[in-house]
Amino acid sequence: MNNRVRELRTALGWSQADLGEKLDVSRQTVNAIETGKYDPSLPLAFKIAALFALSIESIFTPGE
Amino acid sequence: MRAVHKRYLREFFPAMGAYVALLFLSVWWLKTLEGTTARAVVTLLPVLPIAFVIRAMVRVIRDQDEFERRIDLEAIAIAGGLAGFGFFTYGMLLNAHVVPTPQAEAVAIWVLPVLMGCFGASKCAVRLYYRSR
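These protein sequences, in sequence, are chains A and B.
Read in order, the letters of the first sequence correspond to residues 1 to 64 in this note's numbering.
Read in order, the letters of the second sequence correspond to residues 65 to 197 in this note's numbering.
In case anyone wonders, no lab produced these hints; they're calculated from the structure.
Treat the hints with care, as some may be off.
What the hints assert, rightly or not - Partial chain A-side listing against chain B, Cβ under 7 angstroms, derived:
#: 1; residue: M1
#: 2; residue: S26
#: 3; residue: A32
#: 4; residue: K37
What the hints assert, rightly or not - The calculated lysine to aspartate or glutamate pairs, modelled on DMTMM-like cross-linking and capped at a C-alpha distance of 25 angstroms, are:
#: 5; chain 1: A; residue 1: K22; chain 2: B; residue 2: E169
#: 6; chain 1: A; residue 1: K37; chain 2: B; residue 2: E75
#: 7; chain 1: B; residue 1: K70; chain 2: A; residue 2: D18
#: 8; chain 1: B; residue 1: K187; chain 2: A; residue 2: D39
#: 9; chain 1: B; residue 1: K70; chain 2: A; residue 2: E57
#: 10; chain 1: B; residue 1: K187; chain 2: B; residue 2: E75
#: 11; chain 1: A; residue 1: K47; chain 2: B; residue 2: E130
#: 12; chain 1: A; residue 1: K22; chain 2: B; residue 2: D136
In this text, all values refer to a predicted model and were calculated from it rather than measured experimentally.
Think of the CB as a built atom: it goes at the ideal place given N, C-alpha and C, for glycine as much as any other residue.
Take these sequences, add in the hints, and give me the full structure.
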């Protein structure tokens, strides 16, 4: 799955640690999501979408 | 370090400290103690803190985030397989009398340490796997 999490995060000037704190996950988890090494669960994807005030499908798109 | 991991360390280290202290106490006490029931109780004293170590591990696995939990659960699955495979292989060698036969308690006491050791090694491997993917 592809995602725009890094793009959205950097646009707001947040570090991975900042985003991790807002989502209540570790920096390692944010990095794994951004680099596509880990696809978040639906609840976490909803949390990410709510944080950026966007829909899930505008952040996450099907990929390899 | 996140709060969940700080809590784990706060629970883990006192439990391990209590285990070491009770182990020494138990070994010293057993030298003079008579009676099966009393000896059983004193022998099992160090086991109680280990139950708290396992409780701390369960709590950290349940409360950490989903990616950390995935790494831990994958590592536990691999560790269980490795430890089981290792003991099974050793059992086969013992059965064929190609290795010296130890006392049963010498084998049984190593089950948990081997499992924990395999977990530690597996966790490092799983983390490296996700980092390099």
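To see whether the hints hold, each was checked on the structure:
1. M1: violated, 14 angstroms
2. S26: holds, 6 angstroms
3. A32: With Cβ-Cβ at 5 angstroms, under 7 angstroms, it holds.
4. K37: holds, 5 angstroms
5. A/K22 x B/E169: violated, 50 angstroms
6. A/K37 x B/E75: violated, 31 angstroms
7. B/K70 x A/D18: It holds: about 19 angstroms lies between the C-alpha atoms, which stays within 25 angstroms.
8. B/K187 x A/D39: Distance of about 19 angstroms is within 25 angstroms: holds.
9. B/K70 x A/E57: violated, 36 angstroms
10. B/K187 x B/E75: Holds, at roughly 20 angstroms.
11. A/K47 x B/E130: Given pair A/K47, B/E130 holds - Cα atoms ~13 angstroms apart, limit 25 angstroms.
12. A/K22 x B/D136: Holds - the C-alpha atoms of B/D136 and A/K22 are around 23 angstroms apart, at most 25 angstroms.
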